[in-house]
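Trainee: Chain B: place on chain A using the hints.
Residues per chain, in single letters:
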Amino acid sequence: MKLVLPSFLLAVAIGYARGGRLATLGQLRLRWQGLAIAGLALQILLWPGGMWPLIYLYASFVILAVFAIANIRTTGVSLILIGIALNFAVIALNQGMPVSRAAVVNSGQASSLQDLVDDGGAKHHLASSEDRLRFLGDVIAIRPLEQAVSLGDVFTYGGVMVLIVAGMGRRARASTVSPPTLVGDTGHADG
Amino acid sequence: MSIRSLRRVAFALAALAALALSVGAGWRPN
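Those sequence lines, one after another, are chains A and B. Okay, so the first sequence: first residue is 1 according to the working numbering, each after it adds one. Okay, so the second sequence: first residue is 1 according to the working numbering, each after it adds one.
Okay, chain B solo, but in the shape it has when bound:
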């Protein structure tokens, strides 16, 4: 996997993680 491809995957996963954490982290969000 190229660095560029890796960056794209990391950014997509970061956006999805942010979305999941924001919408529903449940109690307790740690």
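Isolated chain A (complex conformation):
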């Protein structure tokens, strides 16, 4: 939630600054919203004790991709789909998301390194030289939020923020509306 709450608050603030309204977001018609909830529910089953953690993780990404494709025409969703693809690629290749030691330390989470090694779960593990596409792993340190995120995360959160801002709409400004052109006004400029 350390990443979700600030990004959502920032998106809502930008939406209001553009003249949008949160109520307008309620008019947004996302198809199959339940799939997003189902994707998260599957990942909750990844906690220790869950069965077939990797299968649940992969199935979760497939469900999330279907949700994104079903809503691809909605502003911001194409960015989310790119984020899903990037994260799924690196997770599928490495049977989990490789997390860079440097990113963990630089994000102020050095004390959690041992947790990552001992109990990273199915989704995360400490990156090693055997991991492929390591640059797509959690390599970006966000120190103020104590998070190490991936390029896919950046696309996903960026897309969600764009979706919220666009979904809040924008109040039309009267000054931007062109007055009707008068027939007699044309043709005088050339003299």
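Source of the hints: derived by calculation from the structure; they are not laboratory data. Fair warning: this is a prediction, and the values are worked out from it, not measured in the lab. The C-beta atom is built at its ideal place from N, Cα and C for all residues, glycine as well. Check the hints yourself; a few may be wrong.
[As the list claims (entries may be wrong)] Which chain A residues stay away from chain B? Per the calculated CB distances, all over 10 Å, these:
(1) Y16
(2) R18
(3) S129
(4) E130
(5) D131
(6) R143
[Stated by the list, open to error] DEER-style ranges, computed between Cβ atoms:
(7) B:R4 <-> A:Q114: 43 to 51 Å
(8) B:S5 <-> A:F135: 41 to 49 Å
(9) B:R4 <-> A:G34: 16 to 24 Å
(10) B:M1 <-> A:S129: 48 to 56 Å
(11) B:I3 <-> A:L5: 20 to 28 Å
(12) B:M1 <-> A:K2: 22 to 30 Å
(13) A:A17 <-> B:A10: 20 to 28 Å
[Claimed, not checked] Short, incomplete list of chain B residues facing chain A, as computed with Cβ under 8 Å:
(14) M1
(15) S5
(16) V9
(17) L16
(18) L21
Mentor: Frame of chain A; chain B shown alone:
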């Protein structure tokens, strides 16, 4: 904002939060 409108906004935000958390929570997801 009406209760109905509020519910729609809350459900849309919940779906987006679930999506964001599922795709990329980063280490560590708390």
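Trainee: Does B:L16 pass the interface check with chain A, least Cβ-Cβ distance below 8 Å?
Mentor: Since the shortest Cβ distance to chain A is 5 Å, the answer is holds.
Trainee: Range first: 48 to 56 Å. Now tell me if the beta carbons of B:M1 and A:S129 are that far apart.
Mentor: The hinted range 48 to 56 Å holds for B:M1 and A:S129, with Cβ atoms some 53 Å apart.
Trainee: Does the Cβ distance between B:S5 and A:F135 fall inside 41 to 49 Å?
Mentor: Holds, at about 43 Å.
Trainee: Against chain A, is B:S5 within 8 Å by beta-carbon distance?
Mentor: holds, 5 Å
Trainee: Is the nearest Cβ of chain B still more than 10 Å from the Cβ of A:R143?
Mentor: holds, 13 Å
Trainee: Could you check the hint for me, namely that B:M1 and A:K2 are 22 to 30 Å apart, CB to CB?
Mentor: Roughly 28 Å apart at Cβ, these two residues keep to the hinted range, so it holds.
Trainee: According to the definition I'm using, a residue is off the interface if its beta carbon is farther than 10 Å from all beta carbons of the partner; does A:D131 meet that for chain B?
Mentor: The assertion about A:D131 holds, with a minimum of 14 Å to chain B.
Trainee: Has the hinted range 43 to 51 Å been met by the Cβ atoms of B:R4 and A:Q114?
Mentor: holds, 49 Å
Trainee: When you take the CB atoms of B:I3 and A:L5, is the distance between them in 20 to 28 Å?
Mentor: holds, 24 Å
Trainee: So, as I understand it, the hint says B:M1 touches chain A; can you test that by seeing if any CB pair is closer than 8 Å?
Mentor: holds, 5 Å
Trainee: Does the claim that A:E130 lies outside the interface with chain B hold up, using a Cβ gap greater than 10 Å?
Mentor: Per Cβ check, A:E130 is outside 10 Å of chain B; nearest 18 Å; holds.
Trainee: Against chain B, does A:R18 keep a CB gap of more than 10 Å to every residue?
Mentor: holds, 17 Å
The structure shown violates none of the earlier numbered hints.
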